Amino acid sequence: MSELIFKLSHHGRCATAQIPRHVAQKTTIPSHLLRNDEPLLPEVSELQVVRHFTKLSRANFSIDTQFYPLGSCTMKYNPRGIHQLAMLEGFLNHHPFSLPINSQGYLSCAYELQEILKAVTGMRGVSLTPMAGAQGEFAGVAMIRAYHHARSDLTRTEILVPDAAHGTNPATAAQCGFEVREIPTDKEGNVDLDSLRKVVGPKTAGIMLTNPSTLGVFEQNIEEIASIVHEAGGLLYYDGANLNAILGKVRPGDMGFDVMHINLHKTFATPHGGGGPGGGPVAVSERLVPFLPMPIVAKKEETYYWLTGKECPQTIGRLSAFMGNAGIILRAYMYARMLGKEGMERVAEFATLNANYLLAKLKAAGFTAAYANRRASHEFIITLKIEAKELQITALDVAKRLLDYDFHAPTMYFPLLVPECLLIEPTETESKEVLDAFADALICIVQEAKIKPDLVRTAPHTLSVRRLDEVKAARELDLVYKEK
Amino acid sequence: MSELIFKLSHHGRCATAQIPRHVAQKTTIPSHLLRNDEPLLPEVSELQVVRHFTKLSRANFSIDTQFYPLGSCTMKYNPRGIHQLAMLEGFLNHHPFSLPINSQGYLSCAYELQEILKAVTGMRGVSLTPMAGAQGEFAGVAMIRAYHHARSDLTRTEILVPDAAHGTNPATAAQCGFEVREIPTDKEGNVDLDSLRKVVGPKTAGIMLTNPSTLGVFEQNIEEIASIVHEAGGLLYYDGANLNAILGKVRPGDMGFDVMHINLHKTFATPHGGGGPGGGPVAVSERLVPFLPMPIVAKKEETYYWLTGKECPQTIGRLSAFMGNAGIILRAYMYARMLGKEGMERVAEFATLNANYLLAKLKAAGFTAAYANRRASHEFIITLKIEAKELQITALDVAKRLLDYDFHAPTMYFPLLVPECLLIEPTETESKEVLDAFADALICIVQEAKIKPDLVRTAPHTLSVRRLDEVKAARELDLVYKEK
Amino acid sequence: MPFIPHSANDIKEMLATIDVTSIEQLFEEIPAHLRVKNMPAIPESLTEMELGRLMRSRAEQDSGLLCFIGAGAYEHHIPAAVWHIAGRGEFMTAYTPYQAEASQGTLQLLYEYQTMMASLMALDISNASMYDGATALAEAILMAVRLNRKNKSNRILLPSCVHPFYREVVKTIVTQQGIELVDVPFDEKTGRLSIETLEKMTHEEIAALVIPQPNFLGMLEEVDTLTDWVHAKKALAIAVVNPMAMALLKAPGQWGHAGADIACGEGQPLGVPLSSGGPYYGFLCCKKELARQLPGRVVGRTVDLEGKQGFVLTMQAREQHIRRAKATSNICTNQGLLVAASTIYMSLMGPHGLRQIALISHQNAELLQKKLTAIKGVELVFEGPYFHEFVIRVPRSVEFVLHQLAKSKMQGGFDLSKAYPHLGECLLVCVTETKTAEDIDKFVTALASVLSCEDHSRDKTEKTEHVRTYL
Amino acid sequence: MPFIPHSANDIKEMLATIDVTSIEQLFEEIPAHLRVKNMPAIPESLTEMELGRLMRSRAEQDSGLLCFIGAGAYEHHIPAAVWHIAGRGEFMTAYTPYQAEASQGTLQLLYEYQTMMASLMALDISNASMYDGATALAEAILMAVRLNRKNKSNRILLPSCVHPFYREVVKTIVTQQGIELVDVPFDEKTGRLSIETLEKMTHEEIAALVIPQPNFLGMLEEVDTLTDWVHAKKALAIAVVNPMAMALLKAPGQWGHAGADIACGEGQPLGVPLSSGGPYYGFLCCKKELARQLPGRVVGRTVDLEGKQGFVLTMQAREQHIRRAKATSNICTNQGLLVAASTIYMSLMGPHGLRQIALISHQNAELLQKKLTAIKGVELVFEGPYFHEFVIRVPRSVEFVLHQLAKSKMQGGFDLSKAYPHLGECLLVCVTETKTAEDIDKFVTALASVLSCEDHSRDKTEKTEHVRTYL
Ligand SMILES: Cc1ncc(COP(=O)(O)O)c(C=O)c1O
Ligand SMILES: Cc1ncc(COP(=O)(O)O)c(C=O)c1O
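Sequence order for the protein chains is A, B, C and D.
Each residue of the first sequence is one higher than the one before, counting from 1 in my numbering.
Each residue of the second sequence is one higher than the one before, counting from 1001 in my numbering.
Each residue of the third sequence is one higher than the one before, counting from 2001 in my numbering.
Each residue of the fourth sequence is one higher than the one before, counting from 3001 in my numbering.
Treat the hints with caution; some may be incorrect.
[As the list claims (entries may be wrong)] Straight-line alpha carbon distances no greater than 20 Å define the calculated DMTMM-like cross-link-like pairs of lysine to aspartate or glutamate that follow:
no., chain 1, residue 1, chain 2, residue 2
1, B, LYS1363, D, ASP3019
2, C, LYS2287, A, ASP37
3, A, LYS472, C, GLU2289
4, B, LYS1472, D, GLU3289
5, A, LYS299, A, ASP163
6, D, LYS3308, A, ASP406
7, B, LYS1249, D, GLU3289
Read the hints as simulated data drawn from the structure, not as lab findings.
Only a predicted model underlies this, so the values are computations on that prediction, with no experimental measurement involved.
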């Protein structure tokens, strides 16, 4: 691995071509407001910067270099053309406070994306402003609260969340001031209806569901769940992380959901960027429209403009300083335009085909599917509990060993209720050949575990570092470099 | 290493988003003119293409990732800003046959570069059209011929070339229909004057010299050489490959040269691109101006326009379909503007400082300099003839082992007259730390050669391939992939 | 089928392996009556070339104006190297670095970022990013309230000289948890906070005071005094700052005797393009004692099996994927790629470069301010030092002025008349190192000419009626 | 000091190690009186930001026109992936792959390129690039003359329907070696070569015939007949072709009974931007028997120490750095990066995509031609099939017409009146897949309106006197 950039630092050096010359050093700012030490930024040349970070980049796995079957994350191809067009100067240099007459290009894209998202979700209103799925959830749950409050229904203090849910669901509910009630899952991966009936009631503000769930199966009782919750006066939140599985096939609005978010960085193929940025637009049914977060783009005649709290007094408010991750919204818009209607359906079709194919191959090779009787959605779970017991290798070991085979590992140990699980999502943009090679790698690794288990347990062996000590990292916090 | 892209090919697949739809397949072109088989282009998806070539790129060394002390090649930092600006749509989409009124942006840059090159070379005329150094040489030697012919001096059939010269020099002279006479080098790396005096005469059309020479030293007798050749009626060609060493310090025009080329991809930092493109403008003294290759940019009032054979009837003609590597000319122009006058001098100063520093360090560590009594220019030669004898390791072995240390190898076995030589050119954009680390690596390798010589002899060990069999490649030519 | 690599033959083989006869069959568990029959109009698909045409014409519509707007988003020169490298596939198309061994590039970069940002703030630690400056402030406030469990106060002093949209965002987020936000007005003469006003607001206990530097009006606060004051109240000092300015101005950790406890703000000035308002990123730094309450991802340095240095996500026990409902925040996807850009940017600039840019922006602002206030009728609204933004009052409607300026390809600033109606027709004007002396003169000339134009009466009718601005 | 990383302290230490007192001293071997004292005016250095301003304004001047010019450089859609990847530092900033083990990326790519290009030409082998199409043709001719040592002829039939600038370049290069170029006129009616004319030129022996497809006038030659004819004369057939067209049209290796011997041309249509005429690249393919006379770099597949597949530069004994004065060419630096782009382009397109693009370009050309020749006074000059370019005659001066079209943001084509004065006022018009039906209509309308404008007498005076075009 590369040294820290601070080790390349040398007093008095900088990337000269980047720095304005001829700056008078005297200033009228009172000296007690001025800084008189230097922050620890590296002092390096432009070539050093380019070389250092180019080299760092090469220590990453990415979609551009590896198959990345990370369940729940939808690591599909991020079209280069979209990236290039989003970087046009007219978009990049556009100030968020430019006058609307100087913003029609961007606004028209945002407006049309709102319309497209309404169409594919079966919802009535959309706000693009949330900056990731979790913020979309926040907006959604806040709208649920606002809805009940608007009806002077102040007793609803609980949000129901299935135990398979992603961590953001309970965390969001809590951040919105709700109590979280967990609902167990039945054997086939559906929400346990009896348990649901037991907890639902006048305190229920709503339920948060992912469908297909993070267990990789379609929630078959969705209509019944909807009627149970609705009858109790609660609302249904749809966590759109898995929208890729059903794009153009079935719509949350038609399933009975009242509000949802869409992860643009998943279903709409905007790059994950090593952790972000993302986009988490919210879509709502008629009754929640008044509460949507601001701003929203509206259109009058041929002109686009911003709707704000003035026109929408019941809004839950703003969620970002400007209007959210505009550049991501632009990219998602372009992706939607490249796919078109047919293309969207095909996303679901081929994501599902790939998942079911890989599952079938792995099952045939002796792996245990967590929900063997179910169709996989766009992802599926295998559990290594048998391998863990018989061979003393864990899902972690297998995941790490996959890296040596030049495959990114699937999501591991999530959802929490399946032991030693790997959640595998191949996405529609991977070819059959890649899936075959991946299945072969998994089969090989189990063989290795039988013959040379240490090879697996101490993997990876071929990357820039060997297996890292996370416990030490958490115990002896070393979060910033300090010069000696 | 990656498989060949043809192995990923799958009939009926393509990067759909790139291909126009709705194309009627019927055509009016007579069928005997149509192709009825398919060329062997891969049938792959866009993701497969991105992944394949991204991975291939990672199997390269480059300036952006490694120190690249390749003598005679001037592998310095290629400023990113220049690349970005050269890719502005106004430049990229500009057709070479656009009317001059629609080309003033580009033409003004080319014109100003012509002026800058005149200034730094001390010459009177410049043509930017040659597409690399070797084509610049061609233009230069062709002008020498044209000059003599214009004076009805038809007996000059020989071009003199020092034995240290780059292969392009004799090859160019031959391609221009001249006979090549080699001139030996004296002990201190200068042209042997006695030998020169012997061969020079009425058959001498000219001499081609690099100064500083490819031996890494400044030709001290340059003025005497000039007067010997000029008195015999010959002209002096300056191979500008090493201009980096003297930029702004001494000018070929002032040394007595009549014509020269400038490698924009060396001195003017345009990227080498894995072998090209480059740029090889020629600059000439007054008497050769009429013979310059076309086109040239001229200026009248505030308007720029092309000069062609019409205005310059004595021109040697055109060298490219349009006007040469325009995008490279643009980049070189920008680099010159970023450096400015002072910046140019500093190039020579720091390139020379780095070379002499590294040479001093290596000498101190016991390496043999080919010209120990001389100042290094921007590059220098060490000879491993002692190591070859005592340790049975060759310059090739050391070069290959350097790759394991994450350094590109220096130029090896050139110039031909120094046995087991490494020609080392650090360039001005590398830091002292890098030079120190490189010296340490060389020292280590000699140590390794003593203790574990096979480690050195079978290097490299850490790259995507081990040492490659060049003999097999040349004997059993495999130049294209064939489907079985 | 854009981006889908399956040939007809692949599909056949795959279906056979799954043992179904059609792709349709894979959706059989979805109740048939729920299936979309006829999806409403979504346009037909476009090839990349067609899309290029469309988007170029859209981008064209919004471009070509000289920008003197700041108000939380700043135009700075971004070296080409920044996005050339941040845009490499390996950074851009990687996920969150959960598989540390396969993500050392992103992880080491984030560790380097944390070091740079913490040091820029003169604080001990930094997280790996929040969504933006506004949400970073909301999270800082939530943090402060959690830390203040002792005195149980959940009152936060949130001055009105903090960015109005930050205040709106904070309100949306923190009031869900019943946190009380107390508005602190600024001094009408100086455009800054005064201790007298603050004292008046503190009959009840408070959890924290938010201190902006520079504040939204561009003015520099007396940060030492404010920090010491809030500490004396046994409450926390939360700094919300422009990170670019911190190379020049005293940094949060250096304020007063003990330093601010938490610093947050918008990372955009450090290498992130304006881009219609996002994606940007929020930074969040704090003293090390507060580490366990920090929200968001954090990278730590550790060693591998062989003792070699390596980097991992750490303190994950705070995060939603482990702690679920008890997490410090629900944030998951953050703004990683922008942080990558910023880290490259800060590395190129170094401490010297960053300071130069801050300084020249400040000097350009002073130059512009002097020239603007020399125009008849234009007045500087506040007295005292500012950074690179300042407020002027104009003798006509700001909205009219801005629309007129737009006609001469000029974006004249941020209209304060709606966010701060009591200030009258005021304009917040910004200038950075990107503007030359000629740009500045152009703007001055344009404004002078707009103001000298006769017909006052048409101010109102000139506005396009339904085209509203942000506020 | 842009791009120089030395701190003052570094310099001091380095000078001490060298044992000199100043950098100046390192230049002591250069005679003092030769040293530059006062270098003539070179402008002051610019920062990247300043340079950006300057270059943006220059780029602006040349942009925004709809382009119907071809004439050897063609506007095609270039997928973003092409340059995103070709522009990666590892491809862009590497040198020629002399150290094969550290250059497998470039080398494998070149091997893949050679395979694709040879196959596109239906020939056995390809080199790794020449400078451009014109020099590739010159090198092909030199090759043919070397190969024809037996019959010793150095006469080359070079038809006038080959690109006029290619002919000029060929002349500059090959006449240095005393090679004789024989101009072969094309048939005035068909714009193509005729066997009758050829027969007339061959009273003496010839070394080769150059066969363009399509020719410079856009017309499709009877390549089978021509190839068989030249082979019957015991001379070589040199094809100079548009590689894009070869996905649709019969490829050189398929011409006549034995196929062309050498194929060359301009690689630009395959993923290389117009870029004011360069950098482009020339391709050069031939039958395998001719391999040893091929100029330029060639990559071969081999194995490493462990038997693993790998790639190296091979047949280097032909090249100037080994063979020196006896090399097949003096070429050293070639056009590698453009080849990288083309290889990526061809991979994205595949055989199907390339054919579609060729086909739609052809169809668009037919559409445009029909509409243009429907304008009163506009005539199609040649009869017979063409690819995506055709010649029209206009009733006014071409130069006037082009300048008028430029006013409506249209680049109307290439002015043939200077290269082929005997044709009269003729325009070579090109259209590719990048033009929509509306673009085509726009052009037609613009031309119609230019031609309908009354004042014929001013044709000449309208020209800006000193602004000359290329020819
Ligand atoms: C099922 C599920 N829900 C919610 C989220 C949160 O979305 P984001 O990361 O965009 O905040 C994720 C993302 O990983 C997820 O997989
Ligand atoms: C000394 C010398 N002369 C000439 C050349 C030829 O220049 P080019 O490669 O640009 O054709 C080179 C390039 O390697 C060189 O080093």
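Cross-check of the supplied hints:
Restraint check for LYS1363 (chain B) and ASP3019 (chain D): the C-alpha separation of about 13 Å stays at or below 20 Å, so the hint holds. Using a Cα cut-off of 20 Å, the hinted pair LYS2287 (chain C) and ASP37 (chain A) holds, with the two alpha carbons roughly 19 Å apart. At roughly 19 Å between alpha-carbon atoms, LYS472 (chain A) and GLU2289 (chain C) fall within 20 Å of each other, so this suggested pair holds. Distance check on the hinted pair: LYS1472 (chain B) and GLU3289 (chain D) sit about 19 Å apart at the alpha-carbon level, within 20 Å; holds.
Restraint check for LYS299 (chain A) and ASP163 (chain A): not satisfied, since their Cα atoms lie roughly 42 Å apart, outside the 20 Å limit. Taking the CA atoms of LYS3308 (chain D) and ASP406 (chain A), the gap is near 19 Å; set against the 20 Å cutoff, the hint holds. For the hint pairing LYS1249 (chain B) with GLU3289 (chain D), the CA-to-CA distance comes to about 51 Å; that exceeds 20 Å, so the pair is violated.
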